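Colleague: Take the sequence shown: its position 178, counted from the start at 1, is 186 in our numbering, and no numbers get skipped.
Pair ranges (Cβ atoms, derived):
1. Asp-19 <-> Thr-236: 30 to 38 Å
2. Asn-317 <-> Glu-155: 51 to 59 Å
3. Ser-216 <-> Pro-9: 52 to 60 Å
4. Val-185 <-> Gly-320: 48 to 56 Å
5. Gly-127 <-> Ala-101: 42 to 50 Å
6. Ser-237 <-> Ala-129: 13 to 21 Å
7. Ala-243 <-> Ser-299: 42 to 50 Å
8. Asp-19 <-> Phe-254: 19 to 27 Å
These are computed hints drawn from the structure, not numbers from a lab. Keep in mind that this is a model prediction, so the values were computed, not measured. C-beta atoms are modelled at their ideal positions from N, C-alpha and C, and glycine is treated no differently.
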Amino acid sequence: PAPEFTLGSPDLSPTVGEPTTSFAYSIVYTSATNIAPQNARVFIDGVPRTMTTTDFVYSDGSEFTYNTTLAAGAHEYYFLFEGTTMQVRSPTAGTYSGPVVGAEIACYDFETDQGWTAGAAGDNATTGIWDRADPEGTFDGGQVQPEDDHTPAPGVACWVTDHRAGTSAGSYDVDGVKTTLLSPVWDLSQYLSVAMSLWTWYTNDQGSNPGLDTFRVDVSSNGGSTWTSLIQTTASWEYWRNDLFFLENHITLSNQVRLRAIAADFGGGSIVEAALDDVCLLNTGSLPVPSGLTVYRAAGSDSLVLRWNDVGATLYRVYSSTEAEGPYSTLAGTSSTHSLTIPLPAEETLFYIVVSSDGTAVARNRIPMR
Numbered sequence: 009p010a011p012e013f014t015l016g017s018p019d020l021s022p023t024v025g026e027p028t029t030s031f032a033y034s035i036v037y038t039s040a041t042n043i044a045p046q047n048a049r050v051f052i053d054g055v056p057r058t059m060t061t062t063d064f065v066y067s068d069g070s071e072f073t074y075n076t077t078l079a080a081g082a083h084e085y086y087f088l089f090e091g092t093t094m095q096v097r098s099p100t101a102g103t104y105s106g107p108v109v110g111a112e113i114a115c116y117d118f119e120t121d122q123g124w125t126a127g128a129a130g131d132n133a134t135t136g137i138w139d140r141a142d143p144e145g146t147f148d149g150g151q152v153q154p155e156d157d158h159t160p161a162p163g164v165a166c167w168v169t170d171h172r173a174g175t176s177a178g179s180y181d182v183d184g185v186k187t188t189l190l191s192p193v194w195d196l197s198q199y200l201s202v203a204m205s206l207w208t209w210y211t212n213d214q215g216s217n218p219g220l221d222t223f224r225v226d227v228s229s230n231g232g233s234t235w236t237s238l239i240q241t242t243a244s245w246e247y248w249r250n251d252l253f254f255l256e257n258h259i260t261l262s263n264q265v266r267l268r269a270i271a272a273d274f275g276g277g278s279i280v281e282a283a284l285d286d287v288c289l290l291n292t293g294s295l296p297v298p299s300g301l302t303v304y305r306a307a308g309s310d311s312l313v314l315r316w317n318d319v320g321a322t323l324y325r326v327y328s329s330t331e332a333e334g335p336y337s338t339l340a341g342t343s344s345t346h347s348l349t350i351p352l353p354a355e356e357t358l359f360y361i362v363v364s365s366d367g368t369a370v371a372r373n374r375i376p377m378r
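Can you make the complete structure from the sequences, with help from the hints?
Modeller: Okay, here's the thing in structure tokens:
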């Protein structure tokens, strides 16, 4: 016999947002005999939430939804529907990932100049050089370059390997080896956890030498002196694909973080196109920020006293630097309270920051004190 009901594909929108964002969970419930579910729930981080519908013709498929805001961090979920004779879980085991919630640090839709640049040492592409524009769709037996950017209307622009269509798909694709796109430099040193969401388009599986060229997305913690790979692939996806990375799993969150994207054609007749859009960095940690830092010499001693407002953290670390802008790499000391006494430093002038750690987050007071 036919099952009492079935569940369709799940949906979560959006997949990235801030603590004020409303996240919509949905799934389609279908009962051939038009029987309502006894329980329709989505479990978010293990907590059951009741889903509802406004469509009671279950035989045609009814969309059940649940909307909520969520705290900062990475979340997971699954659906569980119960009928009179059966229950269905989606997925059957494990959970779906998402959303990632955090306060916005920086987001780029590329509708205006936002500080990204095309070109790096060693670039030698002759065509298909990155530019920021409204892409023109190209085809070669299938889609090659997108017709539209990823940003919802009225957005039209993205970074793409030459937006022009030309007379054929190969007119302005990447040729002559590589072209590089560089982000601005970000200061992420005050965060413990930063999620980066980005949307990419890539194809190299058409033409006479398909599937051999590499697309790379790398991240650096030293302004670009060295790079760590986030994406390195010869696979193609002729659609806007979302990837999410927790940067602290790949690099040190310094004040010199930078992203690059490299598209290349190493020879042969493959048609190579790449695009990047809607890059967003989110602070996904809980950040108790110490404030009111004061520094003074203890009367009648060779000691320096630092005090700050207590924010309830279990541990504080104090770092020093000879320069107001850092780097703050010297550990002056640690404290479980909101003060610290240290020997008077030999340097005439030092700057200090205090870092609070509650086991999940780090923040810095950026007002340098002498």
